[in-house]
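Trainee: Residue-level listing of the chains:
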Amino acid sequence: MNSLNIELYKKLYLIRRAEEKIIECYNEDEMKTPMHMSMGEEAIAVGVCHALKKEDQVFGTYRSHAIFLAKTEDSDNFFAEMYGKATSPLKGKGGSMHLCAPNFGFMGTSAIVGSAISVAVGAAFANKRLKNGKIVAVFFGDGAVEEGAFWESLNVACLMKIPILFVCEDNGFAVHTPVHCRQGYKSITDIVFKFNCNVLKEESTDVEIIYDLSCRAIELIKSTQLPCFLHLKYYRYLEHVGINKDFDAGYRSEDEFNKWHKIDPIKLQRNKLIKEGYEEDEIRKMESRIDIQIKEAITKAKKAPFADKGELYKGLFG
Amino acid sequence: MRKISYCQALREAMFQEMERDPRVFVYGIGVPDHKGVFGSTLGLAEKFGKERCFDTPLAEDTMTGFGLGAAINGMRPIHIHIRVDFLLLAMNQLANMVSSYRYASAGKLKVPMVVRAVIGRGWGQGFQHSKSIYSVFAHIPGLKVVMPTTPGDAKGLLISAIRDDNPVIFIEHRWLYWQEDNVSAEPFTIPIGKANVLRKGKDITIVATSWMNVEAFKAAEILKRRDVSLEIIDPRTIAPLDDELMVESVNKTGYCIVADNDWLHCGFSAEVAARISEKCFGKLKYPVQRIGFAPSPCPTVRHMENEFYPNAVNIIRAVEKMLKLSPTDLSKEEFYSHEKRFKGPF
Numbered sequence: 001m002n003s004l005n006i007e008l009y010k011k012l013y014l015i016r017r018a019e020e021k022i023i024e025c026y027n028e029d030e031m032k033t034p035m036h037m038s039m040g041e042e043a044i045a046v047g048v049c050h051a052l053k054k055e056d057q058v059f060g061t062y063r064s065h066a067i068f069l070a071k072t073e074d075s076d077n078f079f080a081e082m083y084g085k086a087t088s089p090l091k092g093k094g095g096s097m098h099l100c101a102p103n104f105g106f107m108g109t110s111a112i113v114g115s116a117i118s119v120a121v122g123a124a125f126a127n128k129r130l131k132n133g134k135i136v137a138v139f140f141g142d143g144a145v146e147e148g149a150f151w152e153s154l155n156v157a158c159l160m161k162i163p164i165l166f167v168c169e170d171n172g173f174a175v176h177t178p179v180h181c182r183q184g185y186k187s188i189t190d191i192v193f194k195f196n197c198n199v200l201k202e203e204s205t206d207v208e209i210i211y212d213l214s215c216r217a218i219e220l221i222k223s224t225q226l227p228c229f230l231h232l233k234y235y236r237y238l239e240h241v242g243i244n245k246d247f248d249a250g251y252r253s254e255d256e257f258n259k260w261h262k263i264d265p266i267k268l269q270r271n272k273l274i275k276e277g278y279e280e281d282e283i284r285k286m287e288s289r290i291d292i293q294i295k296e297a298i299t300k301a302k303k304a305p306f307a308d309k310g311e312l313y314k315g316l317f318g
Numbered sequence: 319m320r321k322i323s324y325c326q327a328l329r330e331a332m333f334q335e336m337e338r339d340p341r342v343f344v345y346g347i348g349v350p351d352h353k354g355v356f357g358s359t360l361g362l363a364e365k366f367g368k369e370r371c372f373d374t375p376l377a378e379d380t381m382t383g384f385g386l387g388a389a390i391n392g393m394r395p396i397h398i399h400i401r402v403d404f405l406l407l408a409m410n411q412l413a414n415m416v417s418s419y420r421y422a423s424a425g426k427l428k429v430p431m432v433v434r435a436v437i438g439r440g441w442g443q444g445f446q447h448s449k450s451i452y453s454v455f456a457h458i459p460g461l462k463v464v465m466p467t468t469p470g471d472a473k474g475l476l477i478s479a480i481r482d483d484n485p486v487i488f489i490e491h492r493w494l495y496w497q498e499d500n501v502s503a504e505p506f507t508i509p510i511g512k513a514n515v516l517r518k519g520k521d522i523t524i525v526a527t528s529w530m531n532v533e534a535f536k537a538a539e540i541l542k543r544r545d546v547s548l549e550i551i552d553p554r555t556i557a558p559l560d561d562e563l564m565v566e567s568v569n570k571t572g573y574c575i576v577a578d579n580d581w582l583h584c585g586f587s588a589e590v591a592a593r594i595s596e597k598c599f600g601k602l603k604y605p606v607q608r609i610g611f612a613p614s615p616c617p618t619v620r621h622m623e624n625e626f627y628p629n630a631v632n633i634i635r636a637v638e639k640m641l642k643l644s645p646t647d648l649s650k651e652e653f654y655s656h657e658k659r660f661k662g663p664f
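Taken in order, these protein sequences are the chains called A and B. All residue numbers for the first sequence refer to this note's numbering, where the first residue is 1 and numbers rise by one. All residue numbers for the second sequence refer to this note's numbering, where the first residue is 319 and numbers rise by one.
If you're looking for bench data, these hints aren't it; they were derived computationally from the structure. It is possible that part of the hints are untrue.
[As the list claims (entries may be wrong)] Residues from chain B that keep clear of chain A, each with C-beta distances beyond 12 Å, as calculated:
| hint | residue |
| --- | --- |
| 1 | Gly348 |
| 2 | Asp403 |
| 3 | Gln411 |
| 4 | Ser423 |
| 5 | Gln497 |
| 6 | Val565 |
| 7 | Arg593 |
[Claimed, not checked] Result set (DSBU-like, lysine-lysine): computed pairs, CA atoms no more than 35 Å apart in a straight line:
| hint | chain 1 | residue 1 | chain 2 | residue 2 |
| --- | --- | --- | --- | --- |
| 8 | A | Lys134 | A | Lys245 |
| 9 | A | Lys314 | B | Lys368 |
| 10 | A | Lys32 | B | Lys428 |
| 11 | A | Lys233 | A | Lys91 |
| 12 | B | Lys321 | A | Lys131 |
| 13 | B | Lys597 | A | Lys53 |
| 14 | A | Lys245 | A | Lys222 |
| 15 | A | Lys309 | B | Lys368 |
| 16 | B | Lys428 | A | Lys128 |
| 17 | A | Lys285 | A | Lys309 |
| 18 | A | Lys131 | B | Lys428 |
| 19 | A | Lys300 | A | Lys245 |
| 20 | B | Lys426 | A | Lys21 |
| 21 | A | Lys295 | A | Lys262 |
| 22 | A | Lys53 | B | Lys353 |
| 23 | A | Lys32 | B | Lys321 |
| 24 | B | Lys368 | A | Lys128 |
| 25 | A | Lys300 | B | Lys426 |
| 26 | A | Lys134 | B | Lys368 |
Cβ atoms here follow ideal geometry from the backbone N, Cα and C, with glycine treated the same way.
Isolated chain A, as found in the complex (with noise of 0.2 Å):
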């Protein structure tokens, strides 16, 4: 039995498993911050994540749920954040928008579509010249890449040989227009390959795929002193912000939802257990810790007091 397998399902459960609750819990609005949920894109967040040690770095987008409990596992400062409360550390000032935990290397998001990249390339040629070895991710949208940031830090770390992972989480859409009314060329990894890049790409849905993949995509970085972009698609299963499905709003259709839900990540990587031999109590078992972990998680928080108003106006300057 494959205990890497184990460790991917229990990172996918979480996540799924959280914002499951998010859904639950939203319409009792408690929780007042614009979800933008990851389902559906799991099976990234993991992969690559889990391939990163614990002192790597990761920066993200007003969509980093998944990112956020893949590198940080810590469900409890996740729920006290969208809570808004004070025992989170950021005592509610991000939100599910911006989340931040740099103990984790999890190094913040921007809202700003792209705006992260710049950062993350800078971050990431900090670490070169310190030689701590520490990689950095960097996760954005098919939206991003047809942004000037994007461009330009892919410019710059080409140039100047910066380690940095660049994930484009592909799901075709920018909040609602589909990628043929924004874009120009027919494959975005084509012309990435042209620069002085290492390209992979992958449509799996598949856990142990992205993270085998995002292991090479971290070899070839370290071997090359190259940065490495990462296409990965997947499909947002959820309305761009929000907690609904919106197959009747016209835009795309339920039987393509259908199609990738057939193989949603946490089924599959469930199904790969149980065919390696996980007994289904043994999965149930660690499923229902997991369960206790995110309840007791939105109880703390629940609890949890808010931070002092004057917690407004700390931490601009220091």
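Knowing the structure of chain A, use the given hints to seat chain B on it.
Mentor: Leaving out everything else, chain B in the frame of chain A:
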């Protein structure tokens, strides 16, 4: 002490800080080239190597985010722009990322970065190489904005900016580069956020920024002959703004002119006028007067460019209006002009 220019003071500050702290690096478009940002970066690449003083692609926004990323990971970047106008391309990083990064990390990530930018007129620079726009940066919480006038302040404030754990926008007027003064050869700091009385006086307070301090001195020299004594306050830092000295001065004189090196509308001069009105209301003998750029883009042709920029004459005329004096005969006065210095291209 020896006399050095403002430009040499900037260079010396960076040189000494790069020697002191290996985390400091300097970069920007054209920074290591043979002209070295009007001479202010000459020799740094030769002394410290291409790793610590380097040119960049033409990517102002990304290279600003790059500085932020390097800063949160322990480096101390100095990013240089030969014109402040180019910083508008970096406003996304400055306003959305740099200014809020420390706040958004609950203080866990420090942002020790300096962004140097040159403002001011040269020789027919036109409307895209002549802006000041420092109040735009000062408007955004999380950015410090420093603009020294004297060579000593240039050195001491730049060293403070480099050692500061927060992002500092460092604004330098092109014409100040040739100003000379006695400056200590040793490294020293001048605190960010402290104003300075550049000239003691008793009749009217002039709050002047950057180059306008030089113009205010010229005005003071001429008005002295008419027994009018100007007190000149240089805020030196506009964010955070220390208004103590200006308030103290206006409480003494009862008059205030803000001589700014920028547009007036929604500008730094409006902030000073508001603070003086709030804090010196009962003491004011005349409404606060403001002097700054004409409300237009900056034209290229010389006679219109001269009309666009404020100078000592505007200050003298404002003083006369406030004190109800007859106009001073200025026909034999020589005012600052860099015609002789500037023969092009800039």
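Trainee: The structure should be examined with respect to each hint, and the outcome stated for every one.
Mentor: Here is how each hint holds up against the structure:
Every beta carbon of chain A lies more than 12 Å from that of Gly348(B), the smallest distance being close to 16 Å; the non-interface claim holds. Distance check on Asp403(B): its Cβ is at least 18 Å (rounded) from any Cβ of chain A, clearing the 12 Å threshold; non-interface status holds. Consistency note on Gln411(B): stated as away from chain A, yet its beta-carbon is not over 12 Å from all of that chain's, at 7 Å minimum. Annotated as non-interface, Ser423(B) brings its C-beta within 12 Å of a C-beta of chain A; the closest such distance is 5 Å.
Every Cβ of chain A is farther than 12 Å from the Cβ of Gln497(B); the closest lies at roughly 30 Å, confirming the non-interface assignment. No beta-carbon of chain A comes within 12 Å of the beta-carbon of Val565(B); the shortest separation is about 23 Å. Listed as a non-interface residue, Arg593(B) keeps its Cβ farther than 12 Å from every Cβ of chain A; the least gap is roughly 19 Å. Among the hinted pairs, Lys134(A) with Lys245(A) is inconsistent with the structure: their alpha-carbon atoms are about 38 Å apart, more than 35 Å.
Taking the CA atoms of Lys314(A) and Lys368(B), the gap is about 38 Å. The hint is violated against a cut of 35 Å. Restraint check: the Cα-Cα separation between Lys32(A) and Lys428(B) comes to about 28 Å, which is no more than 35 Å; the hinted pair holds. Using a Cα cut-off of 35 Å, the hinted pair Lys233(A) and Lys91(A) holds, with the two alpha carbons roughly 34 Å apart. For a cut-off of 35 Å, the pair hint linking Lys321(B) to Lys131(A) is broken: about 41 Å separates their Cα positions.
For the given pair, Lys597(B) sits about 56 Å from Lys53(A) by alpha-carbon distance, which is inconsistent with the 35 Å threshold. Taking the CA atoms of Lys245(A) and Lys222(A), the gap is about 41 Å. The hint is violated against a cut of 35 Å. Between Lys309(A) and Lys368(B), the direct Cα distance comes to roughly 47 Å. Violation of the 35 Å bound is thereby established for this hinted pair. Restraint check: the Cα-Cα separation between Lys428(B) and Lys128(A) comes to about 19 Å, which is no more than 35 Å; the hinted pair holds.
In summary, the hint linking Lys285(A) to Lys309(A) is not supported, as the alpha carbons are separated by about 42 Å, beyond the 35 Å threshold. Under the criterion of a C-alpha separation no larger than 35 Å, the hint pairing Lys131(A) with Lys428(B) is consistent with the structure, at around 20 Å. The suggested pairing of Lys300(A) with Lys245(A) holds, with an alpha-carbon distance near 29 Å, which does not exceed 35 Å. The hinted pair formed by Lys426(B) and Lys21(A) meets the criterion: a straight-line CA distance of about 29 Å does not exceed 35 Å.
A hinted pair counts as satisfied when its Cα atoms are at most 35 Å apart, and Lys295(A) with Lys262(A) qualifies at roughly 28 Å. For a cut-off of 35 Å, the pair hint linking Lys53(A) to Lys353(B) is broken: about 44 Å separates their Cα positions. Using a Cα cut-off of 35 Å, the hinted pair Lys32(A) and Lys321(B) is violated, with the two alpha carbons roughly 60 Å apart. Distance restraint check for Lys368(B) and Lys128(A): the Cα-Cα separation of roughly 15 Å lies within the 35 Å cut-off, and the hinted pair is therefore satisfied.
Between Lys300(A) and Lys426(B) the CA atoms are separated by roughly 24 Å; this keeps the pair inside 35 Å, and the hint holds. Restraint check: the Cα-Cα separation between Lys134(A) and Lys368(B) comes to about 23 Å, which is no more than 35 Å; the hinted pair holds.
Going down the numbered hints, you'll see the structure goes against 3, 4, 8, 9, 12, 13, 14, 15, 17, 22 and 23, while the others check out.
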